[in-house]
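These are the residues of each chain, in order.
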Amino acid sequence: MATLDIELPRMALLYGLCLVPWLLLWLIGLRLSKDIGISILRMSIQLALVGIYLKMLFDLNHPWLNGLWILVMLLVADLSILRRAGLKTRYFVLATFVAIATSILFSTAYLVALVIQPTHYYDARYIVPLAGMILGNCLQGNVIALERFYSVLRKNENEYATFLMLGASRWEAVRPYFRDAVKAAINPTIAGMATMGLVSLPGMMTGQILGGSEPWLAVKYQIAIMICIFTSTTLACIINLRLSLNTAFNAFDVLRDEVINKP
Amino acid sequence: MLPIIRFDHVSVIVHEKTILSDISFSLCSGQKAVLCGKSGSGKSSVLKTLLGLHPVTSGTVYFQETPLSPSSVQSIRSHSAYIGQEPMLGAEGVREALLLPFQFKTHRDHRPTEAQLIEVLRRLQLPSDILSRESSRISGGEKQRIALARGLLLGKKLYLLDEVTSALDAQSRQAVFDVFSDPDLTVLSVAHDPEWLERCGIVFELEAGRLAQVRHNGNT
Chain P
1 MATLDIELPR MALLYGLCLV PWLLLWLIGL RLSKDIGISI LRMSIQLALV GIYLKMLFDL
61 NHPWLNGLWI LVMLLVADLS ILRRAGLKTR YFVLATFVAI ATSILFSTAY LVALVIQPTH
121 YYDARYIVPL AGMILGNCLQ GNVIALERFY SVLRKNENEY ATFLMLGASR WEAVRPYFRD
181 AVKAAINPTI AGMATMGLVS LPGMMTGQIL GGSEPWLAVK YQIAIMICIF TSTTLACIIN
241 LRLSLNTAFN AFDVLRDEVI NKP
Chain S
264 MLPIIRFDHV SVIVHEKTIL SDISFSLCSG QKAVLCGKSG SGKSSVLKTL LGLHPVTSGT
324 VYFQETPLSP SSVQSIRSHS AYIGQEPMLG AEGVREALLL PFQFKTHRDH RPTEAQLIEV
384 LRRLQLPSDI LSRESSRISG GEKQRIALAR GLLLGKKLYL LDEVTSALDA QSRQAVFDVF
444 SDPDLTVLSV AHDPEWLERC GIVFELEAGR LAQVRHNGNT
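Heads up: the protein sequence lines correspond to chains P and S, in order. By this note's numbering, the letter at position 61 of the first sequence is numbered 61, and the numbering carries on one by one without gaps. To convert a position in the second sequence, counted from 1, into this note's numbering, add 263.
If we strip away everything but chain S, and leave its shape as in the complex, we get (with noise of 0.2 Å):
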């Protein structure tokens, strides 16, 4: 099977500090993967690298096995869903926050109904009243489900996470595990959490940039 992601020897030199060194990895479809390593390591680099974030200073970034460009950063892009530790909902409210990606062109014509909204929120155990909430006026953790809804609500099947289950109780954290138990579903993730990296297949540890291990989990 032809990998989603490949990195091939990929340098990230930002400020001329070097953040990311010769990382080669590759991710294909429905696989679970968890960077792990200490704070400063390069995890969040790695998908802001991905996303086009920031800018490659040697090797290439695979999507889909295409390059890495300016012309195909918007197709990585549209395909994943990124959710970082304190999500941007970017509007006012949680019903426009989870309808705001419908209002740009390329999704325009895929708006969800009244029911797909309550049936994304009842996956992830969020009650269907917090669409008449405020974005400010919500939980850390409700705030990563709220975008974790707008991931599914978007059909995407590539999740880029970082440091997701760390604002979560028991039961939250249970149900974005059902979530991700689905085999179409590919996930590149940043956590510390033992019980989430024991949930994924492959394990790439990070040190100072470099990736220093990568470890296969038995169960996928």
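Same shape as in the complex, but just chain P (with noise of 0.2 Å):
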């Protein structure tokens, strides 16, 4: 059962579905035509220029082109995790991409290379999306992760003092932030995976089943990429911020001013 092809007019008719919020928006009083614009040409030139890599991609399918592209991925994500945390990236790249790579990687290797186990194990049409999913899911954790933790620290920055003060190392003064953080990055997937398929049907499945597959398939599939997103989310917070610890630092174990942007 093949999908069925959305052919160039019908391309058309689906922008003219833009006009209905636009006109809306104009009627409210919103003048964000700009804005509107700018975003549908850039989602439709960004997705085919995806489109464009991913058809190269897969049709050569070759390992180190494979990996090549995941590593790209991983150096875009480190980029955007540390401008959207509001830290300074030289202080942090090094440690955010050794937290996302470990944990990607070992995520990814594990579900394809033990749980799906394709003819070979660098198949683009599994390691591409799977690993690319799991890492934006990962980024959002990295995110918040970080964002809380140091913005956390600054704001209680007497109460760390106070507990180095009264004999805690480093480690043990930043614990309660640290575990604040981690929690905060990782509820959301919690959550997820608790109102999974109740509230609405997750991305993946609904891929799935529009490209053909069995309910049951989509299902199983949906289970593993949850559980990969939970494990490296969890994974690579816990690295990148305990890695981030001896770069955020000064000799005397003060948080050093110059590690975090201004807004």
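One or more of the hints may lead you astray.
Using 25 Å as the maximum straight-line C-alpha spacing, the simulated PhoX-like pairs for lysine-lysine come out as follows [claimed, not checked]: (1) Lys262(P) <-> Lys280(S); (2) Lys88(P) <-> Lys280(S); (3) Lys88(P) <-> Lys220(P); (4) Lys183(P) <-> Lys88(P); (5) Lys420(S) <-> Lys368(S); (6) Lys34(P) <-> Lys88(P); (7) Lys155(P) <-> Lys183(P); (8) Lys262(P) <-> Lys155(P); (9) Lys280(S) <-> Lys155(P).
These are computed hints drawn from the structure, not numbers from a lab. Computed from a predicted model, the values in this text were never measured in an experiment.
Take the two lone chains and join them into the complex the hints point to.
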């Protein structure tokens, strides 16, 4: 059962749907035409490029090329995490890269090599979308973890100093904020798993069903991806925060001012 | 006698602003000293610099004649108790706050007994039922005395006090004075309170980050 194609004229018809919200927004006095136009244009161009990349990747299906693609995704994710968490790239780029690379490679390899077991472990059809989806979710978690940890630490500077004065090591003194940040980062995933299927049909499952898969197969893949997202987010956040402690403090255990971007 | 604390031409500049400028003084074991001066004159910064919370721009801070460095900062932090104007208890309940430092590796083997807890509270004129109260529901003056009790439980000999008597009533102040009449305890404090100034053997007057005057009171 193949998915029905959307031909070009009908694609144009699809874009026409945007006129409904555009008109409504204009009627209530929100002048967002420029923003909406740019967003729709960007989405279309970016996805078209991804389409070209993926087509090439799938046709060649070469292990090194697939690996390179994952590396590029990791680098882009690394920079995006730090920018969104408000931290200076120079100080955290390595810690974040090590954290997301370790966790993504571990969970994707576990899923593909041990659980799915395709003929070629490097098969682009499996590793590219799976690693991409895990990474996308892991990215959100790391932004929350870093942002939360460093903002809470700054807000509680006096409390942190008190812990140090009471004989805590740097690690002992940051532990309450560390736990808080990890919890904030993984809570959305845990909550997402608990309501999965009740509130909305998960994206990957929807995609597979549209692609012609049996619902049961789609369900199994959805469970697989959720477990991998949960594992890699937890792993990445813990490794990332732990490694960031090495560069974010001065030798006297005081948080360095210059590591955080001023808003 | 060798000084326990010594500042040797110490200057501190934070964000291009001079906080301390060429400060030199020393304090021997058992001495009680107070830093006074207008707000912004750098009194609290002296305490923070000693604890390694402000980086020293020039000069050297000595603790027990060892220069303050990343490897020695743990020593000053573990030998001293810092009590601020609004001390952070760092735990939800008063009992947990008192026992907090004993969770850390350095102090893990010295957990006090219930009797020791009650004895130290009594010395500071605090009722023993305060142990079961929440940290957010006790007054500023009680917080200061809990922080002080924590220092005493840790057996600290050096106390860095930032305006500790300001929030206390007469009776609790007397209790704090009594604790520090112990000749074994060394005190470097920040205060405005004339009664406290009178009880300190050495008065350092700061003016715009400089040490303007040192007075020795006769009674130590």
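Hint check results:
no., hint, result
1, Lys262(P) <-> Lys280(S), "holds, 19 Å"
2, Lys88(P) <-> Lys280(S), "holds, 24 Å"
3, Lys88(P) <-> Lys220(P), "violated, 40 Å"
4, Lys183(P) <-> Lys88(P), "holds, 23 Å"
5, Lys420(S) <-> Lys368(S), "holds, 20 Å"
6, Lys34(P) <-> Lys88(P), "violated, 31 Å"
7, Lys155(P) <-> Lys183(P), "holds, 18 Å"
8, Lys262(P) <-> Lys155(P), "holds, 14 Å"
9, Lys280(S) <-> Lys155(P), "holds, 22 Å"
Hints 3 and 6, counting from the list given before, are not met by this structure.
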